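Trainee: Top line first, the protein sequences correspond to chains A and B.
Going left to right, the first sequence walks through residues 1 to 507 as our numbering numbers them.
Going left to right, the second sequence walks through residues 1 to 507 as our numbering numbers them.
Keep in mind that the hints are not guaranteed to be accurate.
Below, simulated DSS-like cross-link-like pairs (lysine-lysine); rule was C-alpha separation at most 27 Å, straight line [claimed, not checked]:
{"hint": "1", "chain 1": "B", "residue 1": "42", "chain 2": "A", "residue 2": "460"}
{"hint": "2", "chain 1": "B", "residue 1": "10", "chain 2": "A", "residue 2": "107"}
{"hint": "3", "chain 1": "B", "residue 1": "212", "chain 2": "A", "residue 2": "212"}
{"hint": "4", "chain 1": "B", "residue 1": "8", "chain 2": "A", "residue 2": "108"}
{"hint": "5", "chain 1": "A", "residue 1": "108", "chain 2": "A", "residue 2": "92"}
{"hint": "6", "chain 1": "B", "residue 1": "8", "chain 2": "A", "residue 2": "107"}
{"hint": "7", "chain 1": "B", "residue 1": "217", "chain 2": "A", "residue 2": "217"}
{"hint": "8", "chain 1": "A", "residue 1": "10", "chain 2": "B", "residue 2": "107"}
{"hint": "9", "chain 1": "A", "residue 1": "466", "chain 2": "B", "residue 2": "10"}
{"hint": "10", "chain 1": "A", "residue 1": "42", "chain 2": "B", "residue 2": "102"}
{"hint": "11", "chain 1": "A", "residue 1": "42", "chain 2": "B", "residue 2": "384"}
{"hint": "12", "chain 1": "A", "residue 1": "20", "chain 2": "B", "residue 2": "8"}
{"hint": "13", "chain 1": "B", "residue 1": "217", "chain 2": "A", "residue 2": "20"}
{"hint": "14", "chain 1": "A", "residue 1": "107", "chain 2": "B", "residue 2": "42"}
{"hint": "15", "chain 1": "B", "residue 1": "466", "chain 2": "A", "residue 2": "141"}
{"hint": "16", "chain 1": "A", "residue 1": "108", "chain 2": "B", "residue 2": "217"}
{"hint": "17", "chain 1": "A", "residue 1": "42", "chain 2": "B", "residue 2": "107"}
{"hint": "18", "chain 1": "B", "residue 1": "10", "chain 2": "A", "residue 2": "20"}
{"hint": "19", "chain 1": "B", "residue 1": "460", "chain 2": "A", "residue 2": "108"}
Sample of chain A residues lacking proximity to chain B, with all beta carbon distances greater than 10 Å (derived) [claimed, not checked]:
{"hint": "20", "residue": "197"}
{"hint": "21", "residue": "230"}
{"hint": "22", "residue": "288"}
No lab work stands behind these hints: they were computed from the structure.
Since we're looking at a predicted model, the values are computed, not measured.
Note that CB positions come from ideal geometry on N, CA and C, so glycine has one too.
Spelled out from the first residue to the last, the chains are:
Number of protein chains: 2
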Amino acid sequence: MEMEQAVKDKWEAFQELLSKISSYNEAIGLLHWDLQTGAPRKGIEVRSGTIGVLTGELFRLETSEEMGEFTAFFGTPEVASQLSEVQNKIIKDCRKEYERSKSIPSKKFEEYAALAAHSQSIWEEAKANDDFASFEPFLSKIVAFKQEFIDYWGVKDTRYDTLLDMYEPDLTVAKVDELFDRLRSRLVPLVEAISASPNKPDTEFLSQIYAKEQQEKFGLFVLEQMGYDFDAGRLDESVHPFATGLNPGDVRITTNYLLDNVTSAIFSSLHEGGHALYEQNISKELVGTPLSGGTSMGIHESQSRLWENMIGRSRAFWQRYYGDLQQHFPEQLTEVEVEQFYRAINSVANSFIRIEADELTYNLHIIIRYEIEKLIFNEGLEVKELPKTWNAKYQEYLGITPPSDALGVLQDVHWSGGDFGYFASYSLGNMYAAQILNTLRKELPEFDSLIAEGNLIPVKEWLTDKIYRFGKSLTPAQIIEQVTGEPLNPDYLADYLEAKYTELYKL
Amino acid sequence: MEMEQAVKDKWEAFQELLSKISSYNEAIGLLHWDLQTGAPRKGIEVRSGTIGVLTGELFRLETSEEMGEFTAFFGTPEVASQLSEVQNKIIKDCRKEYERSKSIPSKKFEEYAALAAHSQSIWEEAKANDDFASFEPFLSKIVAFKQEFIDYWGVKDTRYDTLLDMYEPDLTVAKVDELFDRLRSRLVPLVEAISASPNKPDTEFLSQIYAKEQQEKFGLFVLEQMGYDFDAGRLDESVHPFATGLNPGDVRITTNYLLDNVTSAIFSSLHEGGHALYEQNISKELVGTPLSGGTSMGIHESQSRLWENMIGRSRAFWQRYYGDLQQHFPEQLTEVEVEQFYRAINSVANSFIRIEADELTYNLHIIIRYEIEKLIFNEGLEVKELPKTWNAKYQEYLGITPPSDALGVLQDVHWSGGDFGYFASYSLGNMYAAQILNTLRKELPEFDSLIAEGNLIPVKEWLTDKIYRFGKSLTPAQIIEQVTGEPLNPDYLADYLEAKYTELYKL
C-alpha cells in the first residue's frame, strides 16, 4: 500500500526521534567502553554521574509523550497497513520499550543507572581483594531496585520471568526449565563418562609463559582472518572482555591477556569477534533505528560461541592455524603436535571459573547461575547468603567448592551492573549455535575444508546473509525458524557435544 | 547573610540543571577525544551526528526557559545578597552565556554551525592544494555570519571587542593595542639583534632519527616529574596534540611523535601537561558547576607556556634532565653537551609557521593575526584581500614573505571554524606567564635550584594555591592582580625574553 503524504511526514519526524535515541545510545556506549578500557580512576565517580544523566535522558526520550503518540498513531491498523514490515517491527519494539519503561519514575531510574555504573568499579576492587563484604551493600541495592522494577514492569508467570524476557523476548522460566532439564539429562552422563575415561589430554604446556605482545599479534591475525573489519572497530584490553557496537561502523572488542595461559586471549578474541561480526554486518538501512543491533542476547551469544567453540575449537581450524601459533611461540610449542594441542584446548574439567570452562561443563556453570537468580527473585534469597549458596551449588553440580569468593560468587561482572536474567542466554546461545551449525553444514557442504584452508569468509558471508544483516528486524524465534526450519531444540547441542567428545575421549 | 530555605531549595534545583550541563560537556568531550585518538574510520559519519545531537541538547539547556528563570531569580539584589561569591559568579557566567546564546535565532545558529563544520573540511583541502580561492567564499560567509552575530550580541567599544570578550572576558581592542604596541616596540629590536648575531646555535643534531618508544618513555617521565597525576588522566597520541578536562579526575592529554624531531613531543607534552595541571587541580567543590574549568584562554595558555617555555626551555631544567634524555638516546646525544642542547632548543629564527615558531618570534605571528582580524571586523577588510595583507605583514614584522598561501594565510585552522578573537590569547598567555613567573621567583627564591634538582612539585603546588584551584571563580583580571599585585604588564615578558636571549646570543 502506498504511504500517504501525512504519514510520510510523520514518519520523518519519528525518525528524527529515533536518531536522537541512537545518538544517546552511542554516547552512553562510549562512556562505558572508556570506563572499562582505561578511564583514570579518579574520574570514575563523576563519570558515573554523567552516565546516569545521559541514561536518564535516553530513558525520558524512550518514554516521552512524543514516543507514546507516535507509536499509538503508527500502531492503528489503518496506518500500520501503510508501513513496511521493518517499520512495523520498529513500532512494536518501541511500544514495548515505551510501556515497560514508562512504568518506572525517571528519577528512580536515573538513581539506579548511577548506582549500577558505580557498583561495577566497586565489584572490580572487591574481586581483586577477594572481599565480598565490600560489594554486598551495593549488590543488595541493585537487587532491591530490580525487585521494585519487576513490580513496575508487571510480574509474568513468575517474578523472574519478567527479567528473562528483557534479554530473550518471550522467554519464560517454564521454557528454560524444560530446555535445561533436557540438556542436563544428556550432558551429565557425558561428563561422567569423560571423568571416568583414562584418555586425559596433557594440558600443561598451555600454561607456560606466553609473551603478551605475541599473544596480541596472533589475536589480531585471527580476527583479521575471520573478517573482523578493523576500519570499523578496534581491539583494546579490559579486565572482562566484551564487544560493544557503538554504530555498525564502530564495533569494538576487548580482551585480557594472561601470561600463563595462551588460550584465554585467543578464544576470547574469537568469542568477542563473533559478537562483533554480527554487529558490523547489520544492514546499513537499519542505522539510526532501534533495530540496528543483535536480535537477542541468545542469538548474539550463538554467534560468539559458534566462532569461539564450533569453529575455533575444531580440528579443522587448528589444522590451518596451528603452524602460525607455533611460529608466534616457537620455544613453547615446537615440540607440541597439532593433535595434542587440539585435545588440550578441548580438555573437559570441572573448574571454578565460568569464562575459562570448557564448552561442555560451561552449561552447568550457567544452570547454577540461573537457579540462583531464580532463588533471589522468586524465593527472596538474600544477597548476603549468595557466597554460601554459590559454593553449595558448585559442590552439587560440579563436585568442587571454590576456595575463595574471587573464584566463586565474585567472578562475574553481570550482577554488579544489574544484569539479572542474562546468564541463561549463554546456554541458549550454545543451543542456537549447534542448531545453526547443523544447517550451515548442509548448505555449505565443504564447510570443514573451508575452515581447514583458512577460508573463513564464506562462513561469515553465509551468517551475514542468514542472520547478521537482519539485526532486530526479525525475532529470535523467526531467525531460528527461518534458518533451520524448526524452533529451538536442545538436542542439536547435545548431539554435537556427544559426537565431539566421544571421539575425543575415545568413550 | 543566612540563606532562606526557599532560596536553598531553588539553588538545589538549579544545581541539578548545572550538573546536567556538566554531564553533557563531559560526554561531548569524550566523543571528541575518542575521534582524535583512535575511533575507527567507518564510524566517523554517524559519530558526527551523535556529537551534533548532544551539542544541540547542551545548547538547549544553556538557553532554556529554566535557565532564564533561575538566573533572573538569583540575580535580583535581594537574593544575590544571600549567595556566596562563588554562587554569584556562577549566576553571572550563566546569565552572560544565556543572553549571548539566546540573542541569536536558533535557525540562524544552526545554519552557521553547519557552515563552520563544512568550512573546516574545505579549509583542509585548500591548505593541501595551496588554493586560497576555493576557501575564500566559505570564509567570506563565516565572516558575514560573525558580523551579524556581533550585531545580535551587541557592539562594544568596537565591533572586534565583542569577539575578544568571548575568549578573554572584558578584554578590549584598546587594551590589546596598548599591550601589543609595548611588546612589539621591545621585541622587534631584540629580534633584529639576534638576526645580526654571529652566535648561531647548531640545531642539526635535533633532527636525527629518535625512536618513538623512547620518546614516549621520556615524555611519560617528564609528565610524572611535573606532577601530572596519571590516576586522573592519561597520555594518548593524536595528529594535533591537545588537553581535555572531562572532569578534574579525568584530564587527558595527547601528543604526536615525530621520528626526526626529538623536541616536538617533549615540548608538546610539557605544554599540554601545563594545561592539564591547571584542570586537574581545580577545587573539587566546583565540580558540576560551570566554574570547573580554566578562567580564560589567556590564563590557560599562560600555564601551558610557563611549563613548556619558562621551565621546559630553561637551563636549570636541562641541567637536571639532560642526562636522562641522553640515556634514552645514547647514540644520538652522547656527543652533545647540555649547553649545546640548551642553545639548540632556544634557537630563534624568522619563520613562516606559527606553531613551529620559537618563543620570541611567536608573539609577532600573533600580533599579525590580531591586526588582520581587527582590519576585518573594524575596517571591513575583504576576505579576498587577506593573502596580500598577510604577506605584507610578514614582510613588515619578520622580514620574510611566505612563498605560498599554504605557508601563509592558510596555515591555521581557527578562521575556518569561526574562531576570530582567539589568537590574541596566545600572546596574552606569554605575558601572564612571565608576570606570574616574576612573582613566583620572589615567593619561591630557591626556584632555579628546585628546577635544577628536579623538584618541580613545589612549583606545581604554588601554582595550584595561587591559580589552579580557583577555576573560573575568579576572572583573569582578578587572578593576575591577586597573584602579582598589578594588572597585566607586558614588560615582564619583554624583560624575560631580553635577559634570556641577550645571554644566549651574547648580544
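Trainee: A separate judgement is required for each hint: does it hold in the structure or not?
Mentor: Status of each hint after checking the structure:
1. B:42 / A:460: The given pair, whose Cα atoms are some 19 Å apart, holds under the 27 Å limit.
2. B:10 / A:107: With a Cα-Cα distance of about 18 Å, the restraint between residue 10 of chain B and residue 107 of chain A holds, given a limit of 27 Å.
3. B:212 / A:212: holds, 20 Å
4. B:8 / A:108: Holds, because 23 Å separates the two Cα atoms, which is no more than 27 Å.
5. A:108 / A:92: holds, 25 Å
6. B:8 / A:107: Distance ~20 Å between residue 8 of chain B and residue 107 of chain A Cα, so the pair holds.
7. B:217 / A:217: holds, 22 Å
8. A:10 / B:107: The hint holds at about 21 Å.
9. A:466 / B:10: Violated, at roughly 57 Å.
10. A:42 / B:102: violated, 36 Å
11. A:42 / B:384: violated, 50 Å
12. A:20 / B:8: violated, 34 Å
13. B:217 / A:20: Not satisfied, since the Cα-Cα distance of roughly 42 Å exceeds 27 Å.
14. A:107 / B:42: violated, 36 Å
15. B:466 / A:141: The hint is violated at about 43 Å.
16. A:108 / B:217: Outside the cut-off at roughly 46 Å; violated.
17. A:42 / B:107: Violated, because 40 Å separates the two Cα atoms, which is more than 27 Å.
18. B:10 / A:20: violated, 30 Å
19. B:460 / A:108: Answer violated: residue 460 of chain B to residue 108 of chain A is near 42 Å, above 27 Å.
20. 197: holds, 46 Å
21. 230: For residue 230 of chain A, whose nearest Cβ neighbour in chain B is about 7 Å away, the distance does not exceed 10 Å, so it is violated.
22. 288: At about 8 Å from chain B, residue 288 of chain A fails to clear the 10 Å cut-off, so the statement is violated.
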